[in-house]
Amino acid sequence: MILHKYQIILVSLFLFPILAILFGDINIGGANLQFFFSASSLVIALLYLCKWGCFNRNLYIVPLIFSLLITIPLYNGRFGLIQIFYVISPLLYFFVGAYSNINLDFMEKFKEYLKFLIGFICLLGLLSLLIDYSQINSRPVSIYLSLIGMIALILFNDFKYRVLSIFLILFILLSGARGALFAGLLPLAFSYINKSLSFKISALMYFLIISILLVFNEKFLSLIFSIDTLRERTFYDGIYSYEKILNFDFNSSGREVAWPIYWDHIFKRSTDIFHTLIGEGPGATSKFGIEILGDRWAHPHNELIRILIDYGLLGLISFILFWVGLSYQIFKNNNKNILRMYTSIMIFLIIISMTDNPLMYPLYFGNLVLFLAGLSLSISRNSKI
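Note that our numbering has the sequence shown beginning at 1, numbered continuously upward.
Treat each hint with caution, since some may be false.
Computed beta-carbon distance windows for the label pairs [stated by the list, open to error]:
id	residue 1	residue 2	range
1	Asn337	Asn32	37 to 47 Å
2	Lys160	Lys268	28 to 38 Å
3	Phe116	Ile261	25 to 35 Å
4	Phe322	Leu293	42 to 52 Å
5	Lys111	Trp323	20 to 30 Å
6	Thr271	Glu232	38 to 48 Å
7	Glu232	Cys50	47 to 57 Å
8	Ser226	Val163	44 to 54 Å
Distance condition first, Cα-Cα at most 25 Å in a straight line; then the derived DSS-like pairs of lysine-lysine [to be verified]:
id	residue 1	residue 2
9	Lys115	Lys287
10	Lys336	Lys111
11	Lys51	Lys109
12	Lys244	Lys268
13	Lys109	Lys336
Think of the hints as simulated: they come from the structure by calculation, not from any bench. Glycine included, each C-beta is placed from N, C-alpha and C at the ideal position.
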């Protein structure tokens, strides 16, 4: 029965992103298909939770009502409405993973779907190299490919699927998506350390590896930027120099100009206690970015900035407490396999949040990451798998 119930969840996690990659840019009415796929995934998670009553329904009604109430006095038009959809959807998928009974049959089915997905998106990646299909080279899709490749390399020992996963990482390298590349590679490094060593020893090894990278990072960066696409995208003149990295003389795609403007707005607002604590409402960051910096800056490419502007200090504290509390529960149970997966997810989340907009990618990022986080909590708590 649990397998039957989860089919629709697995379809929404794995099929909708593929459909969005292929057809997401098609406009219908005032929105594109990507938005409709995102809204559909939210409805699926909500209906699933209501129909099978996996947990006390008040748990998800409360954040839903809170998000709606905060939007009424701080309404920011369609930006706010879209953001509510995009933030609540991953939260619902977290509850699906955390409060449902997971068994071995489900995990096998999850892996089967993931294997099919890897094969399909590798085919898409190969086709994009041949026909220059720009949609698969977009920022959110690159993040999605990096996430899928990382998860597959952690879960699978099959040689062919490991090769396909490595192809995804190489594809991202060739596409020049720097944030997605590092967000996928660094968690993998930590995961393989955890696989061979105890977690406590791994923590020490993390420190040693970071220290070694700091000492030898010039050679490491020289290797990374030997890729033409990555080098030309990073440096204004297309020439790598370690001194340019040290002096922050590289192309950050406008972040070095935009971020100070966002932070200046946050600091100027500090005299307004209400907005400092509560924020300016969902979508405020998008509205501000477009008005001041233009359409290209509908998102700040840094989720700390978005949370502070939209949800204020209370929103930031709530966000941090959620992840700290979740991490405590998972680490307390000390399930090594779950720790590998969860730690990798957390590192991925931290890195990509520093340079991109993961809160705005429910299809490509949020739904799957929060579902896996909830799944990690469920498994570590019940110790059934």
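Status of each hint after checking the structure:
1. Against the hinted window of 37 to 47 Å, the Cβ-Cβ separation of asparagine 337 and asparagine 32 comes to about 39 Å, which satisfies the hint.
2. The beta-carbon spacing between lysine 160 and lysine 268, approximately 55 Å, falls outside the hinted interval of 28 to 38 Å.
3. Here the CB-CB span from phenylalanine 116 to isoleucine 261 is close to 44 Å, at odds with the stated 25 to 35 Å.
4. Against the hinted window of 42 to 52 Å, the Cβ-Cβ separation of phenylalanine 322 and leucine 293 comes to about 30 Å, which falls outside the hint.
5. Against the hinted window of 20 to 30 Å, the Cβ-Cβ separation of lysine 111 and tryptophan 323 comes to about 26 Å, which satisfies the hint.
6. Remark: the range hint 38 to 48 Å for threonine 271 to glutamate 232 is upheld by a beta-carbon distance near 44 Å.
7. Look at glutamate 232 against cysteine 50: about 51 Å separates their beta carbons, and that is inside 47 to 57 Å.
8. In this structure the hint that serine 226 and valine 163 lie 44 to 54 Å apart at CB is violated, the actual value being about 22 Å.
9. This hinted pair does not check out: lysine 115 and lysine 287 have alpha carbons roughly 40 Å apart, beyond 25 Å.
10. Only pairs whose Cα atoms come within 25 Å are accepted, and lysine 336 paired with lysine 111 is accepted, the gap being roughly 19 Å.
11. As the CA atoms of lysine 51 and lysine 109 are separated by approximately 21 Å, the hinted pair is consistent with the 25 Å bound.
12. A distance of roughly 32 Å separates the Cα atoms of lysine 244 and lysine 268; the hinted pair therefore is violated under the 25 Å criterion.
13. Distance check on the hinted pair: lysine 109 and lysine 336 sit about 22 Å apart at the alpha-carbon level, within 25 Å; holds.
The structure fails hints 2, 3, 4, 8, 9 and 12 (numbered hints given earlier, in ascending order).
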